[in-house]
Amino acid sequence: MEAGMKSRFEIDQSEKGEYPLGAWATRNGMHFSFAHPGESCAVVLYRSGGKTPLVKLPFPREQRMGDVWSAAVSGDFAGIEYLYEVDGELKTDPCGRQFSGRERWGDLKRPAAPLRAMALPELEAFDWEGDRPLEIPYEDCIFYHIHARGFTRHASSGVEPAKRGTFRGIMEKIPYLQELGVTTLVLQPPVEFEEVVRPECVDRNPYGIQEQADKLNYWGYTPGQMMAPKAAYSTGGGKQPVREFKELVKGLHQAGLELVIELFFDGTEYPAYVLEAVRFWAREFHVDGIRLVGYAPLKLLGADPYLRRRKLLAAGWDGADGGNERHLAECGEGFMLEMRGFLKGDEGKLDSAAFCIRHNPADTAVVNYMADVNGFTLMDMVSYNGKHNEANGEGNQDGTDYNQSWNCGAEGATRKKKVLALRKKQLRNALLMLFLSQGAPMLLSGDEFGQTKKGNNNSYCQDNEISWLNWGLLKHNGDIYAFAKSAIAFRRRHPVFHMRREPALMDYKSCGMPDVSYHGVKAWYPDFNASRRQLGVLYCGEYGELPGGGHDNYFYVAYNMHWTPQEFALPSLPGGLMWHLAADTDDAEQNGFMPEGREPLLADQRSLTVQPRSITVVMGKPGEVKKEKRAGKNMRTEKQ
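The working numbering puts the first residue of the sequence shown at 1, with every later residue one more than the last.
Treat the hints as calculated values from the structure; they're not laboratory data. One thing to keep in mind: the hints can contain errors.
To be verified - Keeping only pairs whose Cα atoms sit at most 30 Å apart, straight-line, the calculated BS3-like set for lysine-lysine is:
1. LYS475 <-> LYS417
2. LYS509 <-> LYS522
3. LYS454 <-> LYS416
4. LYS51 <-> LYS109
5. LYS418 <-> LYS454
6. LYS250 <-> LYS109
7. LYS475 <-> LYS522
8. LYS173 <-> LYS163
9. LYS509 <-> LYS418
10. LYS56 <-> LYS91
11. LYS163 <-> LYS56
12. LYS417 <-> LYS454
Stated by the list, open to error - Label pairs and their in silico Cβ distance ranges:
13. ARG104 <-> ASP140: 26 to 34 Å
14. ALA504 <-> VAL419: 37 to 45 Å
15. GLY348 <-> LYS522: 14 to 22 Å
Every residue, glycine too, gets a C-beta built ideally from N, C-alpha and C.
Given only the sequences and the hints, what does the whole structure look like? Please build it.
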């Protein structure tokens with residue numbers, strides 16, 4: 001206790017109400033509840049910034065229930081911080097809602113002491129103005145994966161310095177997100193985690209290599225205070241992370257954008273604590289969903305009635321019952337690994353590619369991605385055969401060796417024009433594979449303009465230009481951005497590429513052809529021989545219901561991942577419809593996509609030549625073959 005100071009706080013025996021874990025306001029002060037299997041427990045109060053305690057108040061044993069210690073404390077809690085003391089050891093409140101001591105990001109000089117929670121007698125009133133989660137169906141979602149700091153930390157972001165790397169910095173990029181066409185942000189852990197890697201953590205290195213003492217955990221996939229937004233991601237010295245995070249959610253919702261946050265659990269938490277943490281973010285912060293990383297009680301979360309209208313993403317949901325709401329989604333690396341293998345022309349990938357293109361179960365949604373934070377970016381996927389993690393200080397032994405990447409003929413940076421052109425085409429192929437598959441696509445931020453981490457596939461400790469988005473690439477690689485934007489818009493316009501249910505590969509509406517069908521170089525004859533690298537996919541427009549009524553166009557997507565041109569026989573269309581060229585990833589001059597409404601008519605309605613390592617999309621719409629042909633590549637289209 002501070003010298004010469006009489007305590008203003010005491011146990012309030014008159015308060016008998018029930019409160020959740022954590023610290024909550026009462027009529028006369030605060031109520032504290034803490035779960036721990038110790039033999040004794042006390043709450044220790046400090047003045048904000050003070051080094052010595054004001055008072056230590058033991059929890060009454062008669063108010064212990066199981067391993068939960070509870071007590072009401074009367075007094076004025078303005079400017080008060082607290083810890084718990086269990087059997088003589090100070091502990092941080094895992095249910096605290098705001099903390100002091102980590103307001104400055106990466107402060108290597110701060111002591112390695114338990115983090116004090118702020119006693120918040122009353123959370124500052126926040127006017128949500130009727131805000132509600134948007135509940136965009138999975139089939140209409142375009143996910144976009146970002147890091148709260150790295151998204152705007154780079155000087156090229158155009159965000160004013162005080163807001164770079166913060167929740168408010170993200171808000172300044174809302175117009176960009178709307179222009180790109182995404183619907184749902186996925187935010188790496190925004191909770192109060194310890195980013196400074198302490199020396200006691202170094203010995204856990206599985207390779208026995210000493211880590212740098214000043215290493216930072218940039219990603220945040222580590223146990224943290226799961227009910228508090230990270231103070232270092234807020235402006236003004238980190239004093240209002242709760243308010244600024246709520247402003248971010250509200251601003252995104254007003255712009256028609258959802259927010260899904262990532263929460264990491266290591267499997268040591270009480271299942272009830274995990275459930276309460278997820279509920280807390282849904283209830284208190286109005287987030288649209290949670291991506292569960294690590295080890296979480298998935299069956300418990302999936303069946304929780306309070307979360308039935310929130311998106312829950314996890315690597316798998318085996319045995320979980322999501323009820324009648326389609327709110328659970330599988331979000332794993334299977335799509336990425338299989339489609340990357342198909343992209344670079346590996347043998348034996350047609351079966352898995354065909355499955356990935358259509359996979360979208362009716363009960364559990366699927367979120368697909370071609371790149372995630374723990375691996376190569378899309379640009380690095382086409383630029384490096386192997387990882388280059390030397391900057392991590394672990395002898396390049398960290399990170400996966402299974403990248404499914406191909407450098408297109410040169411490792412890393414190069415000036416070879418043919419290599420650069422092939423890389424750009426492979427990027428167009430990768431983006432089109434992602435956005436033409438039935439599952440909800442997730443784009444790693446920066447992949448739309450060629451972000452590179454210089455071959456680092458495990459940048460968990462790189463709080464620098466390796467990880468920060470370089471917005472200058474948006475101008476340098478404007479063609480990649482334009483293609484990504486066009487691919488997103490194309491998907492959103494055409495429901496045959498994002499149906500509510502997985503294609504049955506059957507004609508259950510008696511339209512004359514299946515909803516989706518597979519083809520080889522011969523129409524209606526799929527060839528899944530291991531040596532084949534060609535696949536045709538026909539989409540029946542009758543199965544794509546447009547929002548305003550009517551149905552979608554017919555589409556035929558021809559994938560040629562072989563290194564030589566391939567000729568595909570085109571399936572016949574219903575009467576009055578003709579094949580028109582919608583997209584061709586080999587057409588760098590046109591940057592892949594034809595102008596909407598001006599898709600050129602194919603001169604040859606029976607066959608289609610697809611160039612090496614290319615994807616061609618043709619669409620069926622009314623047209624008439626003309627006698628005058630337009631000279632051009634392969635003489636494939638006519639004048640319009």
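Hint check results:
{"no.": "1", "hint": "LYS475 <-> LYS417", "result": "holds, 19 Å"}
{"no.": "2", "hint": "LYS509 <-> LYS522", "result": "holds, 25 Å"}
{"no.": "3", "hint": "LYS454 <-> LYS416", "result": "holds, 17 Å"}
{"no.": "4", "hint": "LYS51 <-> LYS109", "result": "holds, 16 Å"}
{"no.": "5", "hint": "LYS418 <-> LYS454", "result": "holds, 20 Å"}
{"no.": "6", "hint": "LYS250 <-> LYS109", "result": "violated, 35 Å"}
{"no.": "7", "hint": "LYS475 <-> LYS522", "result": "violated, 42 Å"}
{"no.": "8", "hint": "LYS173 <-> LYS163", "result": "holds, 11 Å"}
{"no.": "9", "hint": "LYS509 <-> LYS418", "result": "violated, 47 Å"}
{"no.": "10", "hint": "LYS56 <-> LYS91", "result": "holds, 13 Å"}
{"no.": "11", "hint": "LYS163 <-> LYS56", "result": "violated, 39 Å"}
{"no.": "12", "hint": "LYS417 <-> LYS454", "result": "holds, 19 Å"}
{"no.": "13", "hint": "ARG104 <-> ASP140: 26 to 34 Å", "result": "violated, 40 Å"}
{"no.": "14", "hint": "ALA504 <-> VAL419: 37 to 45 Å", "result": "holds, 42 Å"}
{"no.": "15", "hint": "GLY348 <-> LYS522: 14 to 22 Å", "result": "holds, 20 Å"}
Violation of the numbered hints given earlier is confined to hints 6, 7, 9, 11 and 13; the remaining hints are satisfied by the structure.
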